[in-house]
Amino acid sequence: MMRGEGTLSRALIWTITCLGLAVIYAPPLYLLGVSFNPALQPALPHVADVTLKWYLALAGEKQLIAALEQSLLIAAATAFAATLLSLMAALAYVELHARRAAWFLTVLLPMFVPGVIQGLALSAVFQRAGVKAGLLTVIGGHLLWALPFAFIVILTSFGVVRRSYLMAAADLGANRWQQFRDVTLPLIRPGLVSAFIFSFLLSLNEFTRAFYLAGRQNTLPVVLFGKMNSGASPTIYAMSGAIFLLSVFCVGLVLANVLLKRRQPA
Amino acid sequence: MAIAIGIEAVTREFGPVRAVDDVTLSIGAGEFFTLLGSSGCGKSTLLKLIGGFDQPTAGRITFDGRDMAGIPANRRPVNTVFQGLGLFPHMSVAKNVGYGLSLRGLSGKALAVKVEDALDLVELSGFGPRDVNLLSGGQRQRVALARALVMEPGILLLDEPLTGLDERLRQQMRDEFARLHKRTGATFILVTHNQDEALSLSDRMAVMHQGRLQQIDRPALFFDQPANAFVARFVGIDIQLKHQGVTGHGDAAYALICGQKVPVRIGGPAAPSQTVVALRPDRLFLQSQDEIPLQEHAGRMMLTMVESRFRGLHHDVTLAFADGQTVVVTQAADRPVPEPGQTVAVTIAAGGAMLIPTADP
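First to last, the protein sequences are chains A and B. With the numbering used here applied, the first sequence closes on residue 720, and no number is skipped along the way. With the numbering used here applied, the second sequence closes on residue 359, and no number is skipped along the way.
Think of the hints as simulated: they come from the structure by calculation, not from any bench. From the three backbone atoms N, C-alpha and C, an ideal C-beta is built for every residue, glycine too. Just so you know, not all the hints are guaranteed correct.
To be verified - Examples of chain B residues lying across from chain A (beta carbon under 8 Å, computed): (1) Phe12; (2) Gly13; (3) Ala71; (4) Thr78; (5) Gly82; (6) Phe86; (7) His88; (8) Gly98; (9) Arg102; (10) Met149.
Let's have the full structure, built from the sequences with the hints guiding it.
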């Protein structure tokens, strides 16, 4: 009886798990399938028809390539700036004592402003100030978007930096900068890496703010959206497929790295 | 070289609280000095002020006569073994121990030799490449010691370094401190709430309470002449009796406790109304019934038996005066214990009863 129940609940858990995974992965996998279809209409291809022609055609899609380059540039700049700024914000948080909560909320606030409003507001302000829309305006908008997330990630990593480590370093002759360089920085490095990746992805994904703030050169999400509406060639599926495959590859690489490291000490 | 420390009228306020309240103290070069007190008495705050991790609200701290005001922790000739140790978790044992010297510009072979010497000193030879997170409590303790001692500090501060270790390790590390104090010749300041540590290690010690130093003396004098009731209780003189007055003076002084005359030694000039009679437990003896006549006699108290508690090697025998004040006398486990309600005689050996102030003057 007990065993029967055990099998049943196990089957149930597996069913739910598979269903959940399917809901998450079916759409991008479907898109991936579509990208190998030679036909112009989006549908899964027959095994015999599988083709790479849209991927090859990607090289000729100047507009998509330019948008991708722009997006990568913006994401890299945003990730770099967001990581640096939120590191400084987190350091300030650690030093502040009584007014910590106020500082925390101040840095977090942009997260709660809807993108539509923030994009509109920024674009109005930039226009008023005579700043031309372009690369920098999008980076500015994305920085506001990514900063609170990066701040939280880095702040979490500060949990391992105990006060006694810094006192011990001071005791051994380290000044403030040396304490930071030799103790704080190595301990929070995982947080910095996570914050960088997180900000990079947030920027790469972002549509609304970029839509308002981009100048002549749109970012990839904006271009893809535009092409989707104008019923363009299936190269956009190839572009999506390529990004998806690259992401899977990166995650696989990290996973392999972790597994290797775990095996080494044993 | 060992450094002498002068603490002159130092006060540290945190808002309305005086964590350290007008403390004046001088510690000799090469001395092993202990600050003893319960948690929250201000002893760690005083240590932080010496180490330069905090600034006094008022008063001066001098090292060999030089004022230390405005000199931060990283530029003081002081090293500390912190309560939580503060070992750097991302560095190996050798990196931890060598960190301070590498900041001084030492590197390569010279650094490695110094680090290995320091590890030898704390009997951790060959532990250099190990991960500090995988060491036992005692080993981590020794790494923290080596990390401080490798700097050859003039002053070593030990902030409750034995808290959290089991009893056997405590004993072991205590012996280690004594040995290292002799080896290095530095001024050692230990902060602890454990009187055993204080008594066995210190040249001199101070008992601290509510930010004030209650008494500064050699350990033995805390038992011969406790400054007040608090100090006496802190070092284990728990029997403190209210009295109705004092007659005579000098060697022939008597306190009247519940109608009985008890010979006391008068410690200070305090008014009798603000004193109590403290009894040293090691100088009280229960007299067996058959050898003495049951009558009052100087140096002897007649008490009523209340209860007895078995303690392994001895009994704690609780006896009471007619007014309810109690006295606990130890009786060897193989000696007979009186029945409850019985009247028994307790003799007080010379110096066993002291008249001391109730609180600090």
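Each hint tested on the structure:
no. : hint   : result
1   : Phe12  : violated (12 Å)
2   : Gly13  : violated (12 Å)
3   : Ala71  : holds (4 Å)
4   : Thr78  : holds (5 Å)
5   : Gly82  : holds (4 Å)
6   : Phe86  : holds (6 Å)
7   : His88  : holds (5 Å)
8   : Gly98  : holds (3 Å)
9   : Arg102 : holds (7 Å)
10  : Met149 : holds (7 Å)
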